[in-house]
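Peer 1: The primary structure of each chain is shown beneath.
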Amino acid sequence: MAEITVVAELTSAVWKIEAGPGARVSEGDAIIILESMKMEIPVLSPADGTITAILVAEGDQIAEGQAVARIET
Amino acid sequence: MIGPVLIANRGEIACRIAATCRRLGVPTVAVFSDADAEAMHVAAADRAIRIGPPRPAESYLNIPAIIAAAREAGARAVHPGYGFLSENADFAEACAAAGLVFIGPPASAIRAMGGKAAAKAVARRAGVPLLPGHEGDASDAELAEAAQRIGYPVMIKAVAGGGGRGMRRAEDAAGFPAALAAARREAAAFGDSTVMLEKFVPQARHIEMQVFADRHGNVIHLGERDCSPQRRNQKLIEEAPAPGMDAALRAELGRRATALAREVGYVGAGTVEFVADGSRPLGPDSIWFIEMNTRLQVEHPVTEMITGLDLVEWQLRIAAGERLPLRQEEVRLTGHAIEARLCAEDPARNFLPSPGHIAALDLPEPIEGLRVDAGVRAGDTLTPFYDPMIAKLIIHAPNRAAALARLAEALDACRAEGIRLNAAFLAGLLRSPEMRAGGVDTHFLEAFRQRGLAVPTPA
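Respectively, the protein sequence lines represent chains Z and Y. By this note's numbering, the letter at position 53 of the first sequence is numbered 53, and the numbering carries on one by one without gaps. With positions in the second sequence counted from 1, the corresponding number in this note's numbering is that position plus 1000.
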């Protein structure tokens, strides 16, 4: 069991949260959809696991490298 | 001349409009969001007025705030640029209601061309050839029948859709019901689940005609542009003339485009877009109308380069009630022009946008035949709120081969610190055998990108 912190790869706004705490996700599943410079960018789960926390809310402005979710594998 | 002109836009196009106004002695008013208080377009205008927070909906799309800014500044006309409110009929009407001249077509023409199905109906009335298709509400069974008649593959498009959303391709009759259901679902998100059908052109080229109309019934065209190199349905390279275009076909497309403009009561600068079948040489029977953009295009400089005209000046003159400065037979096309859109993005990561602080920015010096239309400079910060395009490089040369080579060299000279640029990618694209041969289709750019990603495995 390990906890992984998922970070945003670019400065953006949180457009949609696709999966909440407790949700089972597989590697490559979209957890959050970000929006930057008129493009939608999915934040993908880096591994199979369970989401333990979503650290942002829809509409939030976030920075590159900011933690957006935690996943327990 | 009409002025002061409020420029309801930002970035390179706001700077470019301000430059022509300055040359003509027309005072300008910039508007800006909180994210753009220090932006280049603010400095380019004679004065600037804040219109709201960074989000476009609260600033550059905020009609009451822009009208209020125009009143406050004593502006007499509004230039919408491209994007944002440029094709918003309500904005054109709001300007008129406030006693401001909207530098663009009448609201009725914007509305008539705004819906895909309505635009096709206008084109049909004007006698402009359309792709085989089906418009109008119909049951799923009727649509399946129509698809059979059109011939597969068929595109299913949400009438109210845009930007590639609400679009599905059906390869054959077996796949049609699922594709239709998916398109209807996405269409519902636009508030209208009506769809239309259109024959799919596998090797499509994007060819468009620049038209201009005045208030006195004169309509002319300024030749074509080929904008086939695209990513995510957005153009990255545009050129004029189009490879393979001859004078006879240009005249025929000009007839179609001006007929459409007349039919819709057009005034000002407009672009009539066509799709051509790239598996055949360009010809009158393999090119069809798709839509009309009722504004100045991003890529208008390539037309300016080969005609020697200033299209923003023409827009201002027509908005002031003047006649078109030239008759059709007086329009001369000289040499070859190509534009490259320099964007803050990473081609290797599927064109991931690259917002950030621009610590350094080197753009080539505008020398003979090279034009650089920039919207940012070193020290600026690119925010996630707006488009990633930071500048356009436009080259004019005696022939296409020279234009490709010189534009690639100009792109080689672009360098930035703090953000990623697509310059090296575009330079490589311009040097590819396919681009040098000319006539690539709209899928080529992505194929070229994939080729670059296929790194050979070390032995």
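Everything labelled a hint here was simulated from the structure, so no lab data went into it. Quantities reported herein were computed from a predicted structural model and do not represent experimental measurements. Hints are supplied without guarantee of correctness; some may be wrong.
[Said to hold, decoys possible] Just some of the chain Z residues that point at chain Y, by a computed CB distance under 8 Å: (1) 12; (2) 16; (3) 33; (4) 42; (5) 52.
[Unchecked claim] Once the Cα atoms are required to be at most 30 Å apart in a straight line, the calculated DSBU-like pairs of lysine-lysine come out as: (6) Z:16 <-> Y:1199; (7) Y:1120 <-> Z:16; (8) Z:16 <-> Z:38.
For each residue, glycine too, the CB sits at the ideal point set by N, CA and C.
Peer 1: Honestly, which of those hints from before does the structure not fit?
Peer 2: 2, 3, 4, 5, 6 and 7
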